[in-house]
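Listed below are the residues making up each chain.
Protein chains: 2
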Amino acid sequence: MSIKVAVPKETAEGERRVAMESSVIAKLGKLGAEVLLETGAGSAAHLPDSAFNGASIVASAAELYQQADIVLKVQAPSLAEIEQLKEGSVLIGSLQPYQHPERIAALKAKNITSFAMELIPRISRAQSMDVLSSQAAIAGYKAAIMGADLAPRFFPMLTTAAGTIRPSKVIIIGVGVAGLQAIATARRLGAVVEAYDVRSATKEQVQSLGAKFIELGITAEGAGGYARELTDAEKQQQQAELAKHIATADVLITTAAVPGRPSPKIIPETTVDGMKSGAVIIDLAAEGGGNCTLTQPGKTIVHNGVIIHAPLNVPSQVAVHASEMYAKNLLNFLTPMLKDGAYAPDFSDEVIAGALLTHEGKIMNESIRQLVEGAE
Amino acid sequence: MSIKVAVPKETAEGERRVAMESSVIAKLGKLGAEVLLETGAGSAAHLPDSAFNGASIVASAAELYQQADIVLKVQAPSLAEIEQLKEGSVLIGSLQPYQHPERIAALKAKNITSFAMELIPRISRAQSMDVLSSQAAIAGYKAAIMGADLAPRFFPMLTTAAGTIRPSKVIIIGVGVAGLQAIATARRLGAVVEAYDVRSATKEQVQSLGAKFIELGITAEGAGGYARELTDAEKQQQQAELAKHIATADVLITTAAVPGRPSPKIIPETTVDGMKSGAVIIDLAAEGGGNCTLTQPGKTIVHNGVIIHAPLNVPSQVAVHASEMYAKNLLNFLTPMLKDGAYAPDFSDEVIAGALLTHEGKIMNESIRQLVEGAE
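Chains A and B supply the protein sequences, listed in that same order. Per my numbering, the first sequence runs over residues 1 to 376. Per my numbering, the second sequence runs over residues 377 to 752.
Please note that the accuracy of each hint is not assured.
Straight-line alpha carbon distances no greater than 25 Å define the calculated DMTMM-like cross-link-like pairs of lysine to aspartate or glutamate that follow [claimed, not checked]:
hint : chain 1 : residue 1 : chain 2 : residue 2
1    : B       : K652      : A       : D69
2    : B       : K675      : B       : E645
3    : A       : K4        : A       : D69
4    : A       : K299      : B       : D525
5    : B       : K380      : B       : E605
6    : B       : K620      : B       : E605
7    : B       : K406      : B       : D725
8    : B       : K406      : B       : E391
9    : A       : K244      : B       : E749
10   : A       : K299      : A       : D346
11   : B       : K675      : A       : D149
12   : A       : K27       : A       : E13
13   : B       : K652      : A       : E15
14   : B       : K652      : A       : E102
15   : A       : K362      : A       : E102
16   : B       : K385      : B       : E726
17   : B       : K403      : B       : E726
18   : A       : K276      : B       : E391
19   : B       : K380      : B       : D425
20   : A       : K110      : A       : E34
21   : A       : K276      : B       : E605
22   : B       : K620      : A       : E269
23   : B       : K486      : B       : E463
24   : B       : K462      : B       : E645
25   : A       : K276      : B       : E726
So the derived list for chain A, only partly shown, Cβ under 7 Å to chain B, looks like this [said to hold, decoys possible]:
hint : residue
26   : K212
27   : F213
28   : V318
29   : A319
Okay, the calculated beta carbon distance ranges per label pair [unchecked claim]:
hint : chain 1 : residue 1 : chain 2 : residue 2 : range
30   : A       : Y98       : B       : P638      : 55 to 61 Å
31   : B       : T676      : A       : P121      : 49 to 55 Å
32   : B       : A456      : A       : R261      : 43 to 49 Å
33   : A       : P262      : B       : S378      : 57 to 63 Å
Since the hints were derived computationally from the structure, they do not count as laboratory data. Being a predicted model, the structure only gives us computed values, none of them experimental. Each residue gets a CB set at the ideal place from its N, CA and C atoms; glycine is no exception.
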């Protein structure tokens, strides 16, 4: 009897992605796994059941969970969904343990073996499983498109019989995966692009995409490829210097995030007040509260003529390709655990061990265990 | 006493543009004209009064019209606005005489000398005054951006550690100024682009932008650079052949318009039914009823998973640059009429005569005269 990999319809509000894609079904088949899909699981991504060639379509989530050996999810299952999981089954998804400690406790109580994709160590072997990167790439691309759509100005230079329109200036704050894709997309559209990051090591990447690196004389290289937090004095200097550059922007895209913490407030109201009327801010850090103090997560507001757009779950808006990349990340994580048609994870592998959240009735990640159960 | 050129705030619903721009104010000044601007005229375009350096700001439209020798407008003035115009003054704008015959009659009755920018003959000397072209360029660019924003798919190819996302296919129907800008913008974003036009002469232009020309074996070159109407048999053949191509599209942008007539219906429901779920149609011909039979002008609908977006007055969404280009078109038209600081049009000039709509109590354009007054 082959292993049953089950993919339910996501239930979180606004979530359009689905944790499966047709090419992944075929590859799992070769590994001896059968894919079960809840009917309509792809509908919010404009993917009908027929787009999942080779999957067995199941009429309801309850029926799906009863049969599942391994459940693949985009977002963490709700408590009601965890209730339906089969005791001892395996769950893989972006489980956001820090936001949902009560769900981790429920997974533990139900003896679920759960893996959080965000906890996979960022080593080169695991790049192909990196959902943070794949979804950030989508978000960065989309941020530039949203900026172009909301702006009352043209991005490219336009030469006409009546004269020439100068290209827009797009400034990007935070040069991670999302920032780099935003730079590349704004450049493709013909905008003049400048970018800033506290990590000066990003300068070459910015320049290689044809953009100008903004130098402020402050650096904050941190661990794991992220930025460390700045001191208050550094923050003030950063804000004042940045404000001068930002005053010239037609579109500002901010992507600065510190994992597990609220987004740093690097765009105060005074900076927005210095911007031109009709300028657009796309605050990609809205999930963590936003990089701009005026940001209202999930909303689009206008402040003194400046349009501040703070979308949540941006990858979900590009649901077809975001799902495809996410499903491929899951496949790459799952593949080494499937041997000769059987589920046989090597828990000593640093990638598997790093992602492991709950197993055999225990919380395996120490900092999350402390969060859920308290320090001992 | 210098000539007073007056620019009111546009009053038509959804109109954000303004018929003036700062560089045009300076140039008119050198020609001996003074620019008067109604306060807030640029506010919908995110242009505060202070953006119109050199213009005299006037508190109300009524006060503005009392002083005006020449009034510059984006859209045709309403009957209430015409009521406020000074007897014998000059009006220049996109007056849409075929849509508003009652307003033309009112302009005649009020002894206004009116010029319709759309009626300027399309000769090379007049290219710099061509508002149809300048605004269509904006609309074509914006159509590609709207397509990218509404699509659940990435436009560019994306290569990641987890695999490669193929680029989207964008198909553009109608290769005029708008179609060419849509092609160029979709190409910039990395999409694979195909385009179709009944005028086979557009093939080279399409190819020069890196897109593929769709050959159907039907041609319909018409007068003045527009397409002639097809016969019913030609239309059926065109639709059937096009449908096969369109079935492969991720985004379809239609721009087919025949001047003064409803937009040709080249995308029937059966063609839409053949499209993939999540495909997007941007119907730029919505003002004339649309190129798709399902189009609801001004709305976004979903039909069997296909998103059909039919925006009205697209240039208005890019109001800063659309206003700038429009104002430059007006300047180029107005310049030859201003001699030694005086308004002195040469009515024998074919450009000026071509645009002339009403003058000295008469309707000067014969086909519009017949429309308004009936044949004699």
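Verification of the supplied hints:
no. : hint                        : in the structure
1   : B:K652 x A:D69              : violated (33 Å)
2   : B:K675 x B:E645             : holds (17 Å)
3   : A:K4 x A:D69                : holds (5 Å)
4   : A:K299 x B:D525             : holds (17 Å)
5   : B:K380 x B:E605             : violated (44 Å)
6   : B:K620 x B:E605             : holds (22 Å)
7   : B:K406 x B:D725             : holds (23 Å)
8   : B:K406 x B:E391             : violated (30 Å)
9   : A:K244 x B:E749             : violated (60 Å)
10  : A:K299 x A:D346             : violated (44 Å)
11  : B:K675 x A:D149             : holds (17 Å)
12  : A:K27 x A:E13               : violated (30 Å)
13  : B:K652 x A:E15              : holds (21 Å)
14  : B:K652 x A:E102             : violated (41 Å)
15  : A:K362 x A:E102             : holds (14 Å)
16  : B:K385 x B:E726             : violated (30 Å)
17  : B:K403 x B:E726             : holds (24 Å)
18  : A:K276 x B:E391             : holds (21 Å)
19  : B:K380 x B:D425             : holds (18 Å)
20  : A:K110 x A:E34              : holds (24 Å)
21  : A:K276 x B:E605             : violated (46 Å)
22  : B:K620 x A:E269             : violated (53 Å)
23  : B:K486 x B:E463             : holds (6 Å)
24  : B:K462 x B:E645             : violated (50 Å)
25  : A:K276 x B:E726             : violated (42 Å)
26  : K212                        : violated (20 Å)
27  : F213                        : violated (23 Å)
28  : V318                        : holds (6 Å)
29  : A319                        : holds (5 Å)
30  : A:Y98 x B:P638: 55 to 61 Å  : holds (58 Å)
31  : B:T676 x A:P121: 49 to 55 Å : violated (43 Å)
32  : B:A456 x A:R261: 43 to 49 Å : violated (57 Å)
33  : A:P262 x B:S378: 57 to 63 Å : holds (58 Å)
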